[in-house]
Amino acid sequence: MGRSLFRKLLFDDSNEDEIVKEVVMDSTSQRKRRSYIICNHLAGHERLYLDYFTDSLVYPELVFWRRFQMICSLFLILFLKVEAHDLYFFQKRNGGKKLGLSSFQKITAALRMQQYVWIGETTALQSLKKSVTMVVDIFFEEYLRKPNNKTLLNC
1 MGRSLFRKLL FDDSNEDEIV KEVVMDSTSQ RKRRSYIICN HLAGHERLYL DYFTDSLVYP
61 ELVFWRRFQM ICSLFLILFL KVEAHDLYFF QKRNGGKKLG LSSFQKITAA LRMQQYVWIG
121 ETTALQSLKK SVTMVVDIFF EEYLRKPNNK TLLNC
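Counting from 1, one number per residue, gives the positions in the sequence shown under the UniProt record's numbering.
Just so you know, these hints were derived from the structure itself, not from any lab. A portion of the hints provided could be inaccurate.
Below 25 Å or equal to it, Euclidean Cα-Cα: the simulated SDA-like pairs (lysine to any residue) are [stated by the list, open to error]: (1) 92 with 63; (2) 81 with 122; (3) 98 with 126; (4) 129 with 64; (5) 81 with 62; (6) 92 with 62; (7) 98 with 79; (8) 129 with 111; (9) 129 with 58; (10) 97 with 44; (11) 130 with 39; (12) 32 with 111; (13) 129 with 60; (14) 92 with 66; (15) 146 with 39; (16) 81 with 93; (17) 129 with 91; (18) 81 with 96; (19) 92 with 61; (20) 129 with 67; (21) 98 with 64; (22) 92 with 80; (23) 98 with 80; (24) 97 with 34; (25) 81 with 32; (26) 92 with 146.
Keep in mind it's a predicted model, so treat the numbers as computed, not measured.
Using the sequences plus the hints, can you model the full thing?
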């Protein structure tokens, strides 16, 4: 609200209904909309898929190992099991009916590769939290164990 409206409220003896109308009109005319950032999620998915998961790879297995700290086949096992365990990792449409992030992008983001798949910080953190929970739920019995004395001494 501007200064002129406050002056009117202080010095004008007009009808209360008129003042209420003016306040309502003034507040509704200044409503701000959210800014929309155009992210090309589809291009990010295509780039990720073509670089690492097709028959004609852009980058060799060694580069995949350096970026993800695991071999591609292990990543694919994680991907399939985590995707099957939680619907969060499926690609969905947003409120504007546009496709959201793909499963590959969300799981890659969980492995701290946000810049590579063109996604925001919130999505990356949410993907990380969900994927850690899923990995513990899925692989706890098979891979995770309590530390033994030897492990504790090496810390």
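| Which of the stated hints cannot be reconciled with the structure, identified by number in ascending sequence? | 1, 6, 9, 12, 13, 14, 15, 18, 19, 21, 25, 26
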